[in-house]
Structures are given as C-alpha cells and as structure tokens.
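Starting from the structure of chain V, add chain Z where the hints point.
Line order of the protein sequences matches chains V and Z. The opening position of the first sequence corresponds to residue 17 in our numbering, with each subsequent residue numbered one higher. The opening position of the second sequence corresponds to residue 440 in our numbering, with each subsequent residue numbered one higher.
Take these hints with a grain of salt, some might be off.
What the hints assert, rightly or not - Residues of chain Z clear of chain V, computed beta-carbon distances all greater than 12 Å: (1) D445; (2) N556; (3) D648; (4) D669; (5) W703; (6) P730; (7) T738; (8) Q846; (9) D853; (10) R866; (11) E867; (12) A881; (13) T882.
Said to hold, decoys possible - Capping the alpha-carbon separation at 20 Å, the derived lysine to aspartate or glutamate pairs in EDC-like fashion look like this: (14) Z:K768 with V:D123; (15) Z:K768 with V:D208; (16) V:K272 with Z:E502; (17) V:K272 with Z:E491.
Said to hold, decoys possible - Interface residues of chain V toward chain Z, partial, derived using beta-carbon atoms under 10 Å: (18) G67; (19) V106; (20) R209; (21) G227; (22) H252; (23) G270; (24) R328.
What the hints contain is simulated information worked out from the structure, not anything from laboratory work. Being a predicted model, the structure only gives us computed values, none of them experimental. Don't be surprised by glycine CBs; every beta carbon is placed ideally from N, CA and C.
Here is what each chain is made of, one letter per residue.
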Amino acid sequence: MRITHGGGKAWNFSHSLGRPTGEHNGTTGGFMNPVSIAVADENNLFVLNRGWGTLLIADRAHDAGCRIGKMTIDEYHFGDFARGEFVWPVGLAISADGNLYVSDEADHKIAWLSPDKIVPFPENIPTGERLGEWGTHGCAEGQINAPAGIEFDQRDDLYVVDSGNNRVQKFTKHGDFLMTWGTAGTGDGEFDRPWGITIDLEGFIYVADWGNDRIQKFTPIGEFVMCIGDGYELDHPADVAVDSEGDVYVADWGNKRVQIFESDGNVLASLSGDASELSKAQEYVITRDNAKQSFAMNTNHPAVTNMGRFGRVTGIEVTTDDRIIATDSRGRLQVYDKDKQFVLIPPP
Amino acid sequence: MPNQDDIALIAHLMRRAGFGASRAELETFADRGYEWTVEWLLDPEAQPDIDEYQLYRYMPMLEYPQVGYSAHGQAEWFYRMVNGQRPLQEKIALFWHQVFATATQKVWAHGVIAQVNMFREKGLGSLRDLLVAVAQDPAMIKWLDNQESHKRSVNENWGRELLELFSLGVGNYTETDVYECARAFTGWTTGGDLNSLIYASINWSFKYDAADHDRGDKIFLGHSGNLDGDEIIDIIVQQPACHSFIARHLYNFFVADEPQVPAWQIEEPRDPEGVRFLMGKLVEFDLEIRPVLRSLFNTSFFQDSMYQKVKSPAEVVAGTTKIIGTPTKPSQEWFDLGKTATIFGQDLLNPPTVEGWHTGYEWINSGALVSRVNYTANQFRRSNTPGIDRLIDRIVSSSSSAMSPEQLVEKCLDLMGPLPVRKQTKRELVDHVSSQGNVSWATPGDHARSSQRTRDLMALIAGTREYQFN
Chain V
17 MRITHGGGKA WNFSHSLGRP TGEHNGTTGG FMNPVSIAVA DENNLFVLNR
67 GWGTLLIADR AHDAGCRIGK MTIDEYHFGD FARGEFVWPV GLAISADGNL
117 YVSDEADHKI AWLSPDKIVP FPENIPTGER LGEWGTHGCA EGQINAPAGI
167 EFDQRDDLYV VDSGNNRVQK FTKHGDFLMT WGTAGTGDGE FDRPWGITID
217 LEGFIYVADW GNDRIQKFTP IGEFVMCIGD GYELDHPADV AVDSEGDVYV
267 ADWGNKRVQI FESDGNVLAS LSGDASELSK AQEYVITRDN AKQSFAMNTN
317 HPAVTNMGRF GRVTGIEVTT DDRIIATDSR GRLQVYDKDK QFVLIPPP
Chain Z
440 MPNQDDIALI AHLMRRAGFG ASRAELETFA DRGYEWTVEW LLDPEAQPDI
490 DEYQLYRYMP MLEYPQVGYS AHGQAEWFYR MVNGQRPLQE KIALFWHQVF
540 ATATQKVWAH GVIAQVNMFR EKGLGSLRDL LVAVAQDPAM IKWLDNQESH
590 KRSVNENWGR ELLELFSLGV GNYTETDVYE CARAFTGWTT GGDLNSLIYA
640 SINWSFKYDA ADHDRGDKIF LGHSGNLDGD EIIDIIVQQP ACHSFIARHL
690 YNFFVADEPQ VPAWQIEEPR DPEGVRFLMG KLVEFDLEIR PVLRSLFNTS
740 FFQDSMYQKV KSPAEVVAGT TKIIGTPTKP SQEWFDLGKT ATIFGQDLLN
790 PPTVEGWHTG YEWINSGALV SRVNYTANQF RRSNTPGIDR LIDRIVSSSS
840 SAMSPEQLVE KCLDLMGPLP VRKQTKRELV DHVSSQGNVS WATPGDHARS
890 SQRTRDLMAL IAGTREYQFN
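Pulled out of the complex, with its shape left as it was, chain V reads as follows (with noise of 0.2 Å):
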C-alpha cells in the first residue's frame, strides 16, 4: 500500500481507473483527456472527457470526440453518452433533480443532461440526452465568457467561473442571472483565467485562480475570506475540493500533483501519483493483446514507475466519504482514501 502522510494525516493511494481509450463499456472502458468529475449518489462517477479536440472522420470512428463516461468508482464502465455534443467541454456538475450540468469554454455555454442514456460505443448519435442549455456570450452582467468550472449550492442555485471575463456569476438553474464579483488582476478578490470551482459543507466558495497560481476562498455572497497556496506552493491550480474535515485538495495542474492543505492554508501533503499498477481497463486489453504483455507487465521497469505519475491533473472531487478522485491527463482517474485512523509513530 502507498501511502502519502503530512501533517499527521495520511492517505492511501487505493487504485486507478480507465485508460486512454475510445472504448468504454463494461470493463474496457477509459477516457480521452478526462477534465472534470462529478459524484452522483452511490459512488456513481460522471466523467467529463475532452476528446481528442478535432472530429476528424477518423477520430469519429474511433470515439475520440468528447462525451461523458458514467461508471461506478470501483471501475464498472456503464458507458458513455453526449459523444461530440460539446465543443470544449471544461466543467461537470449535478443539479438537485439528478441532472448533469456541462460548460463549454468554445460555445459560451452551459447545458444540461439527462444522467440516464447511454450509447453503445462507437455509436455517435445524440439519442435526446441533451435537455437544453442557456448562456450569451458577453461581458455584461449575465453573459458569459469561455465559461470553466460550474457547481451547484444548497440552494439548487449554479455558480459558474466565467473565465473569460475573470469573474464568478450565479445564476439560477434555469440560466437566470443572480449575482456576479470579481475581476481582472491579481488582488484579494481578483482572477486571472480562473477554473475549477467547489463549495465546502459550510457552504464557503472555493476557486482555482489559475493564472495567479492560487487558491480563493469566499463567503456564498462573494466577501473575500483569504487565499491558499499563495506562497509559490502551486503552479497554476487547475481545480479544488474540500473533504469532511476542511481539508483542501488542489489539482496542481503545473505541477502534475494534487495538493493538500488544512483549511488555512497549511501544506499538509502532496500527491504525485501511484497508479504504477494495472488498472482493469488496462489489464483487460493486455490480456487480450499477447504483443502488448511483454513490456505493459515489465513493472518493473523504471519506466513503469514512473507512469503512475499524474499527467496534468485538470479535476478532482471528494465523495462524501472522503475519497478523492483526481482526473489525470493519461487518460485514467486516480483515487486515495483519507486514512482517518492514521497515527503517526515516530521513529525509535
């Protein structure tokens, strides 16, 4: 077992999930530059994959346009659905009634889903999935602007980073506008390009200013609280969640690592990554493929080690028994378990 301790605290890698793949039913399945996560009841995963980024004809066959991967955490790909249905698909998130909500950075748009159809692979056809969508792009107060990371309040109300216009706006589900603060630059309350977005039990805003290589933290009404990982700790923070006890988990985008910190601002841990073993997408097409066994199962390989590390972290998210799953740009997802037993004994 791996495990990573800081501050008293410690988390044990538990596995990983996917690979990089067109293919995604039952156990075959993967994503393809996965960027965002949403937990749905039962430790159901919605997986938000960008794609290859250009429809090719042949990037059609082989499913590399972007959609979304449903699956349990212990790696039952149940399929997939919304193939090609977004552009630039950024954020992921799941409104009281159970649907999916998607922003996409290229249409200025924030669309919604049904959680509950799936299409067989490679099939690419919108089967009704998408139920609507609202947005207009702008800069005035209620467009939106390369729109990233969206989560919805206790309230059923979304808050959505509207990157491109360096702020954060609220709205109603229905697309109504409701509130708006921040801008441009790099003070209290100012962003540069930001991205993810969570919101803690507490109800307390949390948003990656990824430009300003910082986390923000905010009331619900947008009041500045204080800043984490401004000490030169993060490298253009990608996205944030925050587990049961306060802690703040930080896809460390330019770092390649999630980082951990105590709720104020405290380095506890860093993650890099410790997916070296097979996970069951990528154990079941080697032993499919007999050619790919020689070197996939060479472990030992330093070169092996050395892919469980993250690519780009872009999402992560806590269940709410404080797993934390990171998306990781070579194509899987890697998931801790918070060790709230842990004791540290010192050495004799």
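Quick look at chain Z alone, frame taken from chain V:
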C-alpha cells in the same frame, strides 16, 4: 520613418526567415533597421517562448497527442509559427524537418514532434552536433530501422540515407562506404519504449547497446580504424561534398528554388556563386549555422531574391493567417490550418518519403493551385478578421474621404506585401474596382461598402499568381 524599400526588404526577410509579419511589426523592424532585425531573428532564445500553459490548458490533447496522428503536432506547430516570437527558430525547424524527413506514417507522432523540438533547440547550432543528435534521435532510429541493425546483421538503411540524403548526396561515396557507415552505427538503438494505449505516454530515448556494436576495423571515405558513429559524422562534416550539399539546401530553402535533390548530381545550381559563398561560410564558421545565416541574410543575392520562391503550403497557411489576424488564441481552427496545408500537399510531420517534399514549382499542380487560391481568397473575404480590419483602418486613415480605384489597388498591394504584380494583373485589379466607381469613406454606409470592396479586392490579390510566391 522607414521608406517603402525598407519595408519591402524587411517583409522579404520576415517571409524567408519566418512566416511573414503584420504591417505594424514590419514598421517596427524597419524603424530599427535591417541588420538589427537579422540579429533579432538569430537570437530566438532572447525572445519569450509561447505560453505553453495557455495552449495546453485549452488544448490538452496537444500535450499528449495520439500515436498515429500528425494533426495535434501540426496544430501546435502552426500555433507557434503564427504566434511565436521566435520566427527563425520555427523556420529552421521546418528546414531540418524537410532535410531529415521523418514521418508519422511509420513513427509514433510523439517521436516526430520530439524530433522537431530537437531541431528548434539545435537547428541554429553546429551541423556536426545536429547530425549526431539526428543519429541518436529515437524517431529517426525507428524511421530508418537502425534498431534492426546489429553487429552480426547490418541494416544499411540509416547508413545509406545519412550519406545520400542527409549529408553528402549521391556520387560522393561508394557502396562500401554505406556498409562501413552502417557498421559504425550498430548498437545505436532506442530504449524505454512503452505502449501508449495503456499509459498515454511514451518514454523513448537513445540507447547505446555496446554489446551490439561492431567494434571491428572499418574503412570509410579513406579513413580507417575502429570507427563509431560519432567518428563517422566527424569524417562526413570534413567533406567538401557535405558543405556543398548543405549549402545548396540552405540556398534552396532561404534564397531561391533549386531543382529537386535527386537532380543535384546532374544539374548545376542556379547560382553557383551563391552556393559557393555558403560553402565557404560553413567552413569559416566551423559548421555553425547561425553565423552562416547571418552572412546569408546580409548578402545582396539574398536581398535581391524577393518572390523567387514558390510558397510552401505551410508558408501559405501561416503567412495568410498572420495577415488576417485570426486565429491567435487556442481554438479548433488550429487543426484546420494543419488540414489545409495537408490538402495543399504538405502534411507536416508526415512527409511522403525520407527525401522530404518536392518543393518549388512542384508545390503547384492544377488541384493544389485551385485549393490554394480558393483558400487564400476565402480567408481575405472572411468577416471577423482583426488583421484585415487593421489594414482597412490604415487605408482610411491615410487617405481623404475618397480615393480612386488605382489608389485603393496600390494601397492594398502595399499592405499585403508589399506585393509587386505584373502590369496586366494590376490593370485587371483596377478594372474590377473601377466597375463599382470611386471609393468613398465619407459616411458610415460608404465605409461599410468600401470595407467590403477592399476585402473583395484583397481576396482577388490573394488569388493572383504573384501571391503564390514568397
């Protein structure tokens, strides 16, 4: 205030040593002077690199491209050509990519992209060091099968192409030299190869397998001994044939179109003096490419060579994009640029053979020409093109509320190059504008109509024979 000739000369330099420049950039460079601009180009490391974070945030697929596709690498390369502040670094990378042609049709895209990165890093440095780096480049080793060349079973592919297409040219070595060269490179192979399907990453590196290296005596180009690969390259770069071969490549790429490489054995250079000049500079500067290019850009034969080269597809696409001013930010359009150049015959990162692309007039055939004309004309007709908006603003601010068709044609030709055209071409352009009368900017309605007429005129200019030349 720079005069018209200063602007034209700087524009020529920026087209050849880069992929063109906006009018505002040309004027800035012209203010500082030609020699200053040459030095600026030759010192790319002094300029900021592109903001890779900005690019990879919005286009993460570029950082982890898929194995068999050149599309991602092409999108990033065009982004660098258009947005980068290091134009000569990109141009020299394209030059060496053409000379040491390696393709995704056989090698994983990661490898070819890494090879082009190596050209960026070493392309202006020592030719000797570059040849060693090419010989140790994993993509090249895979491309020319050197991992299959063993001391008891020599594969001559790399050895042959090193001499024939990469350094000396046909007629300057024997079959024995090819075999002995290949023997010297046995054991130069790759390590750390991993399956991208599972790990989405390839850890590829050069590996020297001493146990598989042929340590026997070899005789190569009159030199004998237990020669290893780097010693072979040391011998190669002493050969006048190597200096001549690289000099002709430089002339062909930067000055004026030469016949295709296989014909060099039988066809004299169009400018033997120019090639001899470059040979001399290669020797004088100990095969360092940077000072050779400094000398070249300051020669009269370079400065007098305006529009004597057919634009390569990459130059058409990147150059037009720089003029129209979009895209600049990360977007899907960067993929379109790569696809467009491919349609024109230059599938970047995937040249057709180890010989690279046939250049010059061979870029032009009836299909490619129609595609090029349609593309460039359509780009200039597009709405939401900030570069053209800026050019129109210049036209308006430099004239009174009305101008003659001749004046508009002159202004557009100036701002799109300056582009000299034949009298007949100019007459037809003027006739086209004249068919709708004089050009007025007096009222908002006049401005809108005249702006559209200007775009239409620029589209016509982009469709001329002259616009196809660099």
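Hint-by-hint comparison with the structure:
{"no.": "1", "hint": "D445", "in the structure": "holds (38 Å)"}
{"no.": "2", "hint": "N556", "in the structure": "holds (18 Å)"}
{"no.": "3", "hint": "D648", "in the structure": "holds (16 Å)"}
{"no.": "4", "hint": "D669", "in the structure": "holds (26 Å)"}
{"no.": "5", "hint": "W703", "in the structure": "holds (37 Å)"}
{"no.": "6", "hint": "P730", "in the structure": "holds (37 Å)"}
{"no.": "7", "hint": "T738", "in the structure": "holds (42 Å)"}
{"no.": "8", "hint": "Q846", "in the structure": "holds (38 Å)"}
{"no.": "9", "hint": "D853", "in the structure": "holds (36 Å)"}
{"no.": "10", "hint": "R866", "in the structure": "holds (43 Å)"}
{"no.": "11", "hint": "E867", "in the structure": "holds (39 Å)"}
{"no.": "12", "hint": "A881", "in the structure": "holds (32 Å)"}
{"no.": "13", "hint": "T882", "in the structure": "holds (28 Å)"}
{"no.": "14", "hint": "Z:K768 with V:D123", "in the structure": "holds (14 Å)"}
{"no.": "15", "hint": "Z:K768 with V:D208", "in the structure": "holds (16 Å)"}
{"no.": "16", "hint": "V:K272 with Z:E502", "in the structure": "holds (13 Å)"}
{"no.": "17", "hint": "V:K272 with Z:E491", "in the structure": "holds (14 Å)"}
{"no.": "18", "hint": "G67", "in the structure": "holds (7 Å)"}
{"no.": "19", "hint": "V106", "in the structure": "holds (9 Å)"}
{"no.": "20", "hint": "R209", "in the structure": "holds (8 Å)"}
{"no.": "21", "hint": "G227", "in the structure": "holds (9 Å)"}
{"no.": "22", "hint": "H252", "in the structure": "holds (6 Å)"}
{"no.": "23", "hint": "G270", "in the structure": "holds (7 Å)"}
{"no.": "24", "hint": "R328", "in the structure": "holds (6 Å)"}
Going through the hint list in order, the structure satisfies each hint without exception.
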